[in-house]
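Model the full structure from these sequences, guided by the hints.
Just so you know, the UniProt record's numbering puts 176 at position 176 of the sequence shown, and the rest follows in order with no gaps.
The reader is advised that the hints may include incorrect statements.
DSS-like mimics (lysine-lysine), calculated; alpha carbons at most 30 angstroms apart, straight line [as the list claims (entries may be wrong)]:
(1) 124 <-> 99
(2) 309 <-> 337
(3) 124 <-> 309
(4) 139 <-> 222
(5) 222 <-> 123
(6) 123 <-> 234
(7) 124 <-> 139
(8) 253 <-> 305
(9) 234 <-> 309
Restraint-style ranges between C-beta atoms, simulated for each label pair [unchecked claim]:
(10) 22 <-> 137: 50 to 60 angstroms
(11) 139 <-> 349: 31 to 41 angstroms
(12) 268 <-> 300: 41 to 51 angstroms
(13) 321 <-> 234: 28 to 38 angstroms
No wet-lab data here; the hints were simulated from the structure.
The beta carbon of each residue, even a glycine, is placed where N, CA and C say it ideally should be.
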Amino acid sequence: MSAYQQQLNDKIHYLKELFQGFDFPEIQVFESPEQHYRMRAEFRVWHEGDGIFYAMFGRGQKAGGVSLLRCDQFEAADTAINALMPRLIAAVKDKPVLKNRWYTVEFLATLSGEMLVTMIYHKKLDAEWEAAARDLQDKLGVWIIGRSRGQRLVLTQDFVTETLCAGNQDFHYRQIEGGFTQPNARVCEKMLAWVCESAQGLGGDMLELYCGNGNFTLPLAKQFRRVLATEISKTSVNAAMWNIEANQSGNVKIVRLSAEEFTEAYSQNREFRRLQQQGVVLADYEFSTIFVDPPRAGIDDETLKLVAKFDNVIYISCNPETLRSNLSVLTQTHSVKRAALFDQFPFTRHIESGVLLKRQ
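This is the structure we're talking about:
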């Protein structure tokens, strides 16, 4: 048995043990590529004499400790990142303005072929650095951003445009530097396909909480008459609005509200000008389904009461422990009809999972 299959089996076993006591269907398992699955990677830039190299540190260890690991290549990262790593070092090592006090680099790759590189420094970035960085950007064929304390220099753009396939259709996403994106693009495509299959035939309107940049919103919108999506991050909302327009998703509206704020609005306990500004009248919607992809803390108690009011619940979770806690409430009124494990983070303890619940 391969090391990958063993770690996946361990996750399957853990999930089955965790959800004992629930009336669960067979868990569908969606594997990851064993290598080159991460579209994001971050490294320290280690200076040793006149040379520089990428470095990582062992868990729990501080920089400078015995856990320093040189990373000329990183098999978990996308092939495009691995191809760029030595080219970037070679292009910078003889240019002091780019090399000196450079201490961290972040790569954001895409299946579409675009790449964003953020170079972080312990010095003020001046016009000389900017000119050299522009030459570097042109030479490498990537987008570059420079950062230092109190500075963020965007040479051309601070985003890449990703293309993901779901249901034999391509969707285009603006992914902004520093914004959240699913790191494993191939598994993300499997997640998109799974949620769309789960939504087939549900009809009516859909509410989505924690929508991010619209990763799930756009494919799911094909299954519903109208979609109302909410997100609190301004960066993510701006990306989502671009994505909605770029994909001609005319049946989607997005408002910048937290899940807790939307719960107050939906319960008519509080009015929000942001709803009015987007032309959203909640009474006009006939929601049949709610889709949620909450943070690791799960869904708060008041929002969970709101979720339980919907006939259909599609729940994507990055933390099985909080999913189990939320299901202990939701299964009082709903039954789990589908369940899935997505190996978004191979060789780590992290598990991405999904469930479809229907009102009993």
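Consistency of the hints with the structure:
{"no.": "1", "hint": "124 <-> 99", "result": "holds (13 angstroms)"}
{"no.": "2", "hint": "309 <-> 337", "result": "holds (17 angstroms)"}
{"no.": "3", "hint": "124 <-> 309", "result": "violated (53 angstroms)"}
{"no.": "4", "hint": "139 <-> 222", "result": "violated (41 angstroms)"}
{"no.": "5", "hint": "222 <-> 123", "result": "violated (48 angstroms)"}
{"no.": "6", "hint": "123 <-> 234", "result": "holds (28 angstroms)"}
{"no.": "7", "hint": "124 <-> 139", "result": "holds (23 angstroms)"}
{"no.": "8", "hint": "253 <-> 305", "result": "holds (23 angstroms)"}
{"no.": "9", "hint": "234 <-> 309", "result": "holds (28 angstroms)"}
{"no.": "10", "hint": "22 <-> 137: 50 to 60 angstroms", "result": "holds (52 angstroms)"}
{"no.": "11", "hint": "139 <-> 349: 31 to 41 angstroms", "result": "holds (40 angstroms)"}
{"no.": "12", "hint": "268 <-> 300: 41 to 51 angstroms", "result": "violated (19 angstroms)"}
{"no.": "13", "hint": "321 <-> 234: 28 to 38 angstroms", "result": "holds (29 angstroms)"}
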